[in-house]
Amino acid sequence: MNEIYAWAAIALIILASTTGDVLLSYSMKHVGDVGELLQRRGLAAVLGRVLATPTFALGLLAMGVAFYSLLFGLSWGNLSLVVPASASLTFVANALAARIFLRERVSRRRWIAALLVAAGVVLMAL
Amino acid sequence: MTFRKYLVLAGITAFGTAGDSLLARGMKQIGSLSLHNLSGLLLAILNPWVTVGILLLLGFFACYICSLSWADLTYVLPATSLGYVLVAMIAHFIFHEVISPTRWLGITLIAAGVGFVAASPSVTFSHDQNSPDASHDAVSGGRVMKRSNYE
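Chains as they are written, first to last, in this note's numbering: chain A, 1 to 126; chain B, 1001 to 1151.
These are computed hints drawn from the structure, not numbers from a lab.
Errors might be hidden in some of the hints.
As the list claims (entries may be wrong) - Facing chain B, a subset of chain A residues (Cβ under 10 Å, in silico):
#: 1; residue: W7
#: 2; residue: T55
#: 3; residue: L123
Said to hold, decoys possible - In silico negatives: residues of chain A with every beta carbon more than 10 Å from chain B:
#: 4; residue: L61
#: 5; residue: A62
#: 6; residue: L116
Glycine included, every Cβ here is placed at the ideal spot set by N, Cα and C.
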């Protein structure tokens, strides 16, 4: 029974963290190079600029949901199942989402890699 | 890619792996959480392993959003994915979780997939939605990366 709960938590982690990753990536591209900004304007300016980006707050919220799903998942399943399964499936979902929503170019090599990772996850669940 | 940027990517892997492991150790001490007993979540944060785990994951998050400000999402994720294999190693050798042969094979495939992506020259730039004129590509170390200037 705990295994079903663990997989439900994994599904929620994937959905929430993919949403969060895409929103955070979008926000940080909007903010610009943090390293450069830090040198020119200082930490307060960087923090102000990051926090003033509305999609950043939404991304943070999604990451929070993913984090609490992880807490639940880790209490129901093994670390070596929950963390790799959710993280690598998130990797595949992110490649899709980055292509669709962020318009990043995902090469064929990357799709093969994504399938390798997905196959690895299936094996881990057996 | 400068040395400092590689350091940020290494920070994502190290903080993320250590944070996840400490969190798992704390949650194992606490035992199964129940949806009917949500106060258990607040108590979970008071566990010292969970507290330090959360602090490390905050470090992870700082490095993560920093890297996303100068690299594509599809570049950052594979470049830092070695952490999953590291987590399995820590689960096995430190926390003595039993890992079956099929699970080891799964870990190997994941690692292979990660290596496949990380070793390839990754052309990940794209047309920028916000300011198409301001973006240009910087080639460094065989990788072409998107660099955008919003100033």
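Hints versus structure:
no.	hint	in the structure
1	W7	violated (15 Å)
2	T55	violated (12 Å)
3	L123	holds (3 Å)
4	L61	holds (14 Å)
5	A62	holds (13 Å)
6	L116	violated (3 Å)
Against the hints set out earlier in the document, violations occur for numbers 1, 2, 6.
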